[in-house]
Each structure stands twice: as C-alpha cells, then as structure tokens.
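Just so you know, the sequences run in chain order A and B. Each residue of the first sequence is one higher than the one before, starting from 6 at the first, in this note's numbering. Each residue of the second sequence is one higher than the one before, starting from 431 at the first, in this note's numbering.
No wet-lab data here; the hints were simulated from the structure. Any given hint could turn out to be false.
Said to hold, decoys possible - Below, simulated DSSO-like cross-link-like pairs (lysine-lysine); rule was C-alpha separation at most 30 Å, straight line:
1. A:K59 / B:K468
2. A:K80 / B:K584
3. B:K715 / A:K59
4. B:K750 / B:K715
5. B:K715 / A:K86
6. B:K715 / B:K584
7. A:K68 / A:K91
8. B:K778 / B:K806
9. A:K86 / B:K468
10. B:K750 / A:K80
11. A:K68 / B:K715
12. A:K124 / A:K68
13. B:K439 / B:K468
As the list claims (entries may be wrong) - To give a feel for the contact side, a few chain B residues facing chain A, derived at Cβ under 7 Å:
14. H719
15. A744
16. I749
17. K750
Here the structure is a predicted model, which means the values were calculated and not measured. Think of the CB as a built atom: it goes at the ideal place given N, C-alpha and C, for glycine as much as any other residue.
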Amino acid sequence: MSNTPSNLKYAKSDEWFDPATGKVGITDYAQNQLSDIVFIEIFVETGETIEAGKAIASVESVKASAEIYSPAGGKVAAVNKDLANKPESLNSDPFGEAWMIQLEGASTGDVMDAAAYEKHCEERAH
Amino acid sequence: MTYIPISPKERDAMLATVGVKSLDDLFEAVPAKHRFPKLNLPPALTEMEAQAELADVANANENVRGDLVSFLGAGMYHHYIPSVIDHMLRRGEFYTAYTPYQPEISQGTLQAIFEYQSLMSALTGMDVSNASHYDGATATAEAVSLAYAQFRGKRKKVVMSPSLHPQYRAVVNTYEQGLGVETAGDTESNLNLSPEAFVSQVDEDTCLVIVQYPDFFGRVYDYTKLIEAAHAKGALVCVVANPTALAMFKTPGEMGADIVVGDGQPLGIPMWFGGPSVGFFTTRKSYVHKMAGRLIGETVDNKGQRAYVLTLTAREQHIKRERATSNICTNQGLLALASAIYLSVLGKTGLAQVANLCYQKAHYAANTLGKLDGYKLKFNDTFFHEFVLECPAPAEEVNAHLLEHGILGGYDLSRDYPSLKNHLLIAVTEMNSKEEIDMLAEVLAEVHHE
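Construct the entire structure; sequences and hints are all you get.
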C-alpha cells in the first residue's frame, strides 16, 4: 500500500504538489512502479515561468524511463540540484528529500485530493 | 543458424489462412511482368567450376598482402594483424554483431565487450566507453546526437574543423539532417592556421566542436586551449582520434575533451575494401545518460560471483522511445572483439612500439621525399604517420605512375580540397620497410624527370 499524505494535491500522472510550500515531486506509487531510480534530469531552471502539465524532468530506473509533468504552474523559485547526485532518494523519500522544484504563485492544473488519488492508484492495480 | 524452408503443405495452409487460392492470387497487386521476371542466368556450374570462376574473379583484385606496396591511409591503415585474432574471432560463440540481452547465457560475449570498453576508456583517457558503433564516422555523428540532447535541442550549431576527415563531415551532415542541426566550418579555410583560429565560429548556439587528432593531414596538435575556449562558450568538444597515435601522444582525455570517438580499424582489423570497421565512442561519466549504444557493466550475481550485464538500458530507444538520444543500439561486436584482442595481445608496450615504428618510418619517408626535386612537404607541424606531399604533377597522374610500379600511392587530396591540387596524403606504417620507402622515392623522382 502506497503512502499518500493528505496535505498534498495529486496529478493523474503521479506527481504531487504541496500548496503550502509550492514544492513538486513524484508520488510513492510512482517510485514503486519505476523501481530503483538511477538517474534524474530536471529541465527547468530557477526564474522560469511554467504552465501546469509541462514536462519538468526525466527519470530513469533500472527498467523504465518516465517524463515528469508539473501538476501546477507558476514561477520556478527553486530547483533541487542535489537530487541529480542522489537519485535513489526518489525511492526512499519521494515526498521529502526528493522534491524536484518549488513554485511561487502557483496555480494547480487538473489535480485531485489524497482520497481520489488513492482510488486512482487502486484502480490501476487491477 | 537454422534455415527453415517452407513445405508445400505449410504454404497452402498460409494461403488458406489469408484467404487466397494460389501464390499468383497473393501477388496479384504486383504487375504481372514484374512478378516472376525471367532471370538471365548462365547455366548452373558444378562446385569445382564455381570455385575456379570465383578464384579468377578474386585474383583480379590487387591487395596489400603481396600484390602492392601501400602508402594509402586517409582513415584506413595497413597494420600487422597478429594471427591469434582470427583464431579467436572464428569461434562460433562470438559470431554475432549484436549485444546479447540474456546475461544468463552470454557471460563470455558480455565480458569481451566489457574488456573492450575498459581498453578504449584507458586508451582515450576517458571515463566510459560504449559497446561500439559501426565505424568512426557514425560514432562522430552520434557525438553530435549526444551534444544536441545534452542541451535539449537549445543549441543547434556544430562546428567542424577544416581538417576533419571530409567523409566524416559528410556522414555527420547526412546523419543529422532530420534533427535540425546546423553545421559550420568548411574545408576551404586556410589550412595553415592554428586550430584555435576557428574558435571564433563557436558561439552560445554551439553544442559541439569537432576536431581530429591527428588531423586529416596527419598533424598533431595539443587541443587543450581550443577545448578551454569552446568550454568558455558552453559548448562540448569531440575529438576524433586515431587509436594507434594515442599510444604515443597526450590523450584527448588529458586535454579536457568531452567525447572521444574514432575508427577502430587500425586495431587488428583488415582494410578489406573500405569496411566493415568498428567505431569507438568514449565520454565523461556525466554524459553517460545521453550516450547512444549499448553499455556493459560489471556486477555480482545472487551468489556474489562477478557477472556482466547490460547497464543503464533505460536511456536506450527501446525503453525511452522518441525521447532517447539516438535510435542506434547496435554495436559492432565481432570487430570490437578483434580490437580488444589486438590491444590485449600487444599490450601497452607493444602498441607504443607500433606507434613509434609508424612515427619513425613516416618521418624517414617525409625527410626523403621532401628532399626530392620538385616535391615539397606542405606543412611543418608535428605529425604522426601521415603527411602531405606537394607533387610536380597532378596527384592522379603521380598515383597512376606509382601503380605501374606496384605501389599504391597516397590519397589524392584534390578530391576534397580544391586548393590542394597536386597534393598527396602519404601514410606510412610499421608494414612499410625502408626499402619500400626508398623505392617510393625513386619512382617519384622518375615522375619529375619525365
């Protein structure tokens, strides 16, 4: 069973957005599906303004590769540069240490709450 | 490999499945006159007759193993090939160009490729090597793909040195035409300028600078300053290197190159008729995720034993699809193995000896030929085993005369550089004896006096 913090908003494509901090990352469900993550490249830079749904990063695991889309739009206030050196933290701490970017003045796109996201994950399990 | 023929019964079953009565019905869409054209073939021969006829055809070729003395290089070089290479290559277990997917049944092949990668990384002074490409030219084009992907398509310009092999330049142009890459740098520049001269063409839109080492004319430059200048503009630098020369000169890795590629033919592969060959590709660890091709890594299995596997495959096109750097995964496994055996057999000392022999003999030749009446060395720079000789007559005529004396002359540079009319690119390797060089000088002297 995946961990799904209730204070976050979730995109269908398995990213989370924290309305309190403006941070964006991938969900526990996503890291579990990808398995051991060995590489992350974040495309966006601090100061850039992005729209919700934009591809912000590329992640590679030992068996798969995925593009990461931002669940929210806004101005990129910070990029987690440390993440490139420890992609494994995406597996161990997807909601904490492994945040990807932080947005300022963010407005969410098509997102859902924790309960709806959990249901979304469960449906795919079958 | 098993050849599976088709029986009439199987054919009829397949025809019935697709719902046609006969082969004629199946091919109905093809105009009748093209369907089963009458082939104008001679009557069948017995095996003995066919052997004799093929031997006749083959004997019409003139090769460098006895028929001709060769001073031709320009990308392919006549080196001695230790016989152990062929003995190992002909083992059936190695007979595929492909990288095996199943490590459980392919440890030998995987280890061989891993050894090849380790040797190429050491030779170029780089961190990582892929499992190889088709040849030096396609490896160079893959360097462009890496650089283009590294900047996510935001930098579109590739600057090529005027002394990059013209055929490599052509392959890069063909290969990258769909990417929207713009190539800069021509073959008409003043060829006497220092390599730093064309740095002015490197700008904020440049993703890659490509230089050759030794360059197409055989000249050896330290590219450290050029690489620094390109890096200052944010561009990557690819050095196309001759692997034999790397045993003698500073490695491109030491100069700060980001990518080092080249043709592995000098490492134990015959010149054949211009191919096939193997292209090596090495880079820095930081670019490995953007590198095309297969990569073999060393790991341990579930019993703690050393084992080899395909590594970082998620960057490849079968997983990453259209977002991958390149659609090339195929390597040149058999010939990469030949290179690995060659390097292992010669060792560090042996390869350095080959390089030194090439260097010394080429310098003896340059010295001798440069003094002949009517001939002149085009450049005064440091060179390895190839140099440009200005002749008193068009290169084509000089070569025709040499051929009459059983000598395969140099490469006619006017083919690619209109300003180098009457210029031959002469290559000398350890295979050329002093007598052969002296004979070349004698025949060239005749050309002048005629």
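Here is what the structure says about each hint:
1. Of the pairs offered as hints, the one joining K59 of chain A and K468 of chain B is violated, with about 60 Å between alpha carbons and a cut-off of 30 Å exceeded.
2. A threshold of 30 Å between alpha carbons decides the hint, and for K80 of chain A with K584 of chain B the separation of about 20 Å falls inside it, so the pair holds.
3. The straight-line distance between the Cα atoms of K715 of chain B and K59 of chain A is roughly 28 Å, inside the 30 Å bound, and the hint therefore holds.
4. Between K750 of chain B and K715 of chain B the alpha-carbon distance is near 20 Å, which keeps this suggested pair within the 30 Å criterion.
5. Of the pairs offered as hints, the one joining K715 of chain B and K86 of chain A holds, with about 18 Å between alpha carbons and a cut-off of 30 Å not exceeded.
6. Note on K715 of chain B and K584 of chain B: the hinted pairing holds, with a Cα-Cα distance of about 22 Å set against a maximum of 30 Å.
7. The hinted pair formed by K68 of chain A and K91 of chain A meets the criterion: a straight-line CA distance of about 18 Å does not exceed 30 Å.
8. Annotation: proposed proximity of K778 of chain B to K806 of chain B is violated, straight-line Cα distance about 35 Å (limit 30 Å).
9. A C-alpha spacing of about 68 Å is found between K86 of chain A and K468 of chain B, which places the hinted pair above 30 Å, so the restraint is violated.
10. Between K750 of chain B and K80 of chain A the CA atoms are separated by roughly 29 Å; this keeps the pair inside 30 Å, and the hint holds.
11. Of the supplied pair hints, the one linking K68 of chain A and K715 of chain B holds, its CA atoms being roughly 20 Å apart against a limit of 30 Å.
12. With a C-alpha separation of about 26 Å, the suggested pair K124 of chain A and K68 of chain A falls inside the 30 Å cut-off, and the hint holds.
13. At roughly 26 Å between alpha-carbon atoms, K439 of chain B and K468 of chain B fall within 30 Å of each other, so this suggested pair holds.
14. Satisfaction of the interface hint for H719 of chain B is found here, the shortest Cβ-Cβ separation to chain A being roughly 5 Å, below the 7 Å cut-off.
15. The restraint placing A744 of chain B at the interface with chain A holds, with a minimum CB-CB distance near 4 Å, inside the 7 Å limit.
16. For I749 of chain B, the shortest C-beta to C-beta distance to chain A is roughly 5 Å, which falls under 7 Å, so the interface hint holds.
17. Taken as an interface hint, K750 of chain B checks out: its beta carbon lies about 4 Å from the nearest beta carbon of chain A, inside 7 Å.
Violated hints for the displayed structure, listed by number in ascending order: 1, 8, 9.
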